[in-house]
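Trainee: Spelled out, the chains give:
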Amino acid sequence: MDTLVDTLKAKFNFVTPRASSDTEAVNVPAENLLAFAHYLRDELGYDMLLDLCGVDWDVAGLRFGVVYQFYHSGKKTYLRVATLAPDNMAPAVPSLAALWPSADWHEREAYDMFGIQFVGHPNLKRILMWDGYEFYPLRKEFPLAGIESELPAADTAEATNAKVIAAPMMGGPFNAKNEEHHHMSSAEPRAGDQSWTEDKPKPGQKG
Amino acid sequence: MATSTEINLGDVGARSAAYAEEMQGEHMTLNVGPSHPTTHGVLRLLIELDGDRVIKCEPVIGYLHRGDEKIAENMTYNQFVPYTDRLDYLAPLANNVAYAIAVEKLAKLEMPPRCQAIRVICCELARISSHLLGIGVFGMDAGAWTIFMYTFTQREKLYTLFEELTGARFTTSYTRIGGVARDMPDGWLGRVNKFCQDVLPVIDEVDKLLTRNKIFLQRTEGIGVITKEDALAYGITGANLRAAGIEADLRKDNPYCGYEHYDFEVPIGTRGDCFDRYLVRLEEMRQSVRIVRQAIEKMPEGPWYAESAKKIFAPPKSKVLSSMEELIQNFMIVTEGPQIPPGEVYFEAENPKGALGFYIVSKGGGVPYRLHIKGPSFVSLGILPKIMPGHLLTDITCILGSLDFVLGECDR
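Which chain is which? The protein sequence lines are V and Z, in order.
If you count the first sequence from 1, position 3 lands on 3 in my numbering, and the numbers rise without skipping.
If you count the second sequence from 1, position 320 lands on 1320 in my numbering, and the numbers rise without skipping.
Just so you know, the hints here were simulated from the structure itself, not pulled from any lab data.
Don't take each hint at face value.
With a cut-off of at most 20 Å between alpha-carbon atoms, the simulated SDA-like pairs for lysine to any residue come out as follows [what the hints assert, rightly or not]:
id, chain 1, residue 1, chain 2, residue 2
1, Z, K1363, V, P17
2, V, K76, Z, E1247
3, Z, K1386, V, D47
4, V, K125, Z, E1058
5, V, K11, V, L62
The following block holds chain Z by itself, in its conformation from the complex (with noise of 0.2 Å):
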């Protein structure tokens, strides 16, 4: 015979609202990275979340360090020059061009045009190279994946124009104190042309892909706002600081390299939030690709390193092999380093990241003294704290994903 016994259930009701009571204000401690996708490298995140909202965000970086302005006091200006390619690993050209410009300040050298303007060619390219991964990676985050295939393959086509100018597809090396390490192949700038040709009907198609798509607007503007105030207060630069629309481009504003000389825009833009940071990097390989343009027309003949500078860069290996006096020339080089005169410089490029800046002080000889680098990088996650509270946990992605940083350069 079956019994029944009954149970008291109490008040359920009140029960599950004393729990919802109880829990309100409990707040959980998400770790982020360091190696997850949306970190872009080895970035780590302390989240702190109440729900799906953040509370505080600490980033905990340095897990890419490798102590280069140690290894740069023990090494001559030119062993330096690799060094340099594993900063902004996704633009290492830019990273080479800037470095180098820092020595030369330096050293009070004057590049000749040519030099010049295959360095002006290398940054746009680097910049284009290092937006379309950047763009690409973003459309990713924020659930775009298509984007990311149309310009990956857009930028395999220029490590291709890379490896025939440098030898190496990614850790290019290219220049040197006083010049560049070769003259450009035999027509490298028609297929950079050719290049440049292709790449404008991509960006449009990105364009018209990400600007008005639906998903993508809700998931990017009036996320992650950098204000004017703030962006200058915690010395953010690059394009996300043009994004804040603040009009800044060392390229218009301390030209080097002979920017001054080339025609272009720099967009900036109104709100400062994921999506005006995504337009400004659209628009800049616009306006890269018009400076390529330009500098493929006119390109001047002449030396592609600083002839005079005999102490500091290494002669061509067929005057090497065939002189005694630029033989001697080319082994003091090597030996000791390019000889720098003493003094101090600062100097900042601007890199597609931001502006990298290199402060160097020489005590002569051929061995930096001190070499400290300023990755803006660095600078960009270091606003983190300030941008995350407040946003949804699904934001950290577009927000990281907005910011461009690559940990490369912020870790050093």
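So that you can see chain V by itself, here it is in the shape it has in the complex (with noise of 0.2 Å):
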């Protein structure tokens, strides 16, 4: 009996066999996403776009790709979807959002997060962070501490002078301090009255 792939390479013969440890998955060069996925929905009924998500690979070549997660809600067989984007510097897929209106989340998602640009997206705006935020933060490059940026309320920015800053990676207030003479006690936080430590003697005992 054929296989998903090789039907699917039969059809298509840019369609290429991807390895996987799961599920039936191929490759799809992104010019031809869209005449695939008619395909794939008209045709052999995989009615559900689970999800999608982008990857930076990090690879020589291309960098950017978008894997996708199709469902046949009858025969209950799942279907993975690659492509990769062919642009490094702007990378752009087309948008499944008219088939699937899943996608149009799932695409903001991935926008957000990488940069990469859906051609045909009804309204492909940042999702999880904010409008005006200047960065991808799921590319490689991107420091798991966060980059400084302005805060997303221009009037409390102004009010406040306060801004997006990196989270402390160290020196956090349960870490001891890099100083010479450093306690324990300077380090951690405690309740209740911290007047007192080995340096100053406790309120009312003789140091």
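Given two chains presented individually in distinct reference frames, assemble the corresponding complex, making use of the accompanying hints.
Mentor: So this is what it looks like as structure tokens:
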């Protein structure tokens, strides 16, 4: 019996099988994705697009990819489709939001996190981060701690002079400070009376 | 001497008619949330209203975004387990299990029967816990306060059981890649059995209070209808999909954790409205009790972790302290993480809120290269712009309550 991948390969010469440890998976070039998706939905009956996500493959060639997880609600089978955005500087792939409305939000998320443009998307704007955020956080070069940037609300930023700052990766309240004379008591958060330490005697006690 | 002056009011009736004409078609934008009791978290809705009728609804999410996927790329597989607690924080045990199975699938690891049975009990208790809260707050949203008191009491008992099992009531972090953190405590299964006995009358009580309650029916029937076609196209999963009349349950369709050995039924709705979603959840709790009872009855003996997976599951503490080989093994797993072969996997588990999916890319080693989480609540909220328009402002609370979402896994 022919597998699904064989059927797809016979139908489209641009489809290549993809290594996968669970379900059937194929690679499809971005320029052929729409034709492939139409066939997948209308002829093969893959009626659910469960998930799609961007991946920063960080390879020497094409860097940004999108991985789709399709589901056939009748046959209860999965199909994974992967595509690569042809341009590393301005990554773009066609949008599937017109075929599966579920792609709408997922594509917005992939755009938000990786800066991948989905051509033909009705409302491609940030979804988890705020409008006007300058970075794409899931790209590999984005640091875990984050990057200092402006607050989303300009009026609050002006009034408070506050910014979105990078998370402290070390030297937080639970770490001993890297000073010449440091004691655990000056590093650990504690409740109650904090007026005395090893250096300063407890009030009412003779030092 | 009093004087009287005549004031000309003009044609009052015509003026008010003209005013009503002028107001006609004037829309008002209402902002709900992000901190509002009906939004069950930090969901924000921008609603355009014509009088009392919703014209347009735009959900704004991301207020609880913590960058879980970025964090996952920077830590070992086991270190990420506590982060999965905080996805659907109303069913942390089910998230733990789903995540562990996803990674184990990547490592092509089979769990021993006892581990699977423990995980099944975890998943089903988590489902009962989540649905108890879901139905409780849904009742509250629809004006039936009492339900919440009944269901919350039972949920509290469940949390005591979770605490005995995992050491934590809320953030359980119970699974490890290749097993669970520890075996069940003595007598725990008996107490779970006792809980199953206690919870069934409460479910019946809720059934009696709500299912034929005229006010509840009027507020939920025909409201927030999700058609079969929409449910599939929008990728809705879980109870919300089944309420639309589609027979889809991953526990039956693509069994994991040995679900194929349990005898249970999958309730499905007919109309896909708020009331059907309530009914499906109510029945699912009864089925979960059935599954838990079967799991208790035939709880297998044997190891509760994959003994053969020496590079993945850290050995028990007693062995670590007495044997050199196990000490080294433990050290390697703690410092470098469980060694997962290169590959990619997408695994979904039937969680209380829907199908929670993990897409994991491994390039070998103890840290995932990419870990993407598909939260079912993210998908459930994506359909709001489609189903909200045409409803009254008061229906919004009902629709939100019936979708049973949680922002922790929506925003990640």
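Trainee: Give a verdict on every hint.
Mentor: For each hint, the structure was consulted:
Distance hint between Z/K1363 and V/P17 is fulfilled; the C-alpha atoms sit about 19 Å from each other, no more than 20 Å. Distance hint between V/K76 and Z/E1247 is fulfilled; the C-alpha atoms sit about 10 Å from each other, no more than 20 Å. Distance restraint check for Z/K1386 and V/D47: the Cα-Cα separation of roughly 18 Å lies within the 20 Å cut-off, and the hinted pair is therefore satisfied. Of the supplied pair hints, the one linking V/K125 and Z/E1058 holds, its CA atoms being roughly 13 Å apart against a limit of 20 Å.
Only pairs whose Cα atoms come within 20 Å are accepted, and V/K11 paired with V/L62 is rejected, the gap being roughly 25 Å.
Hint violations for this structure: number 5 only, all remaining hints satisfied.
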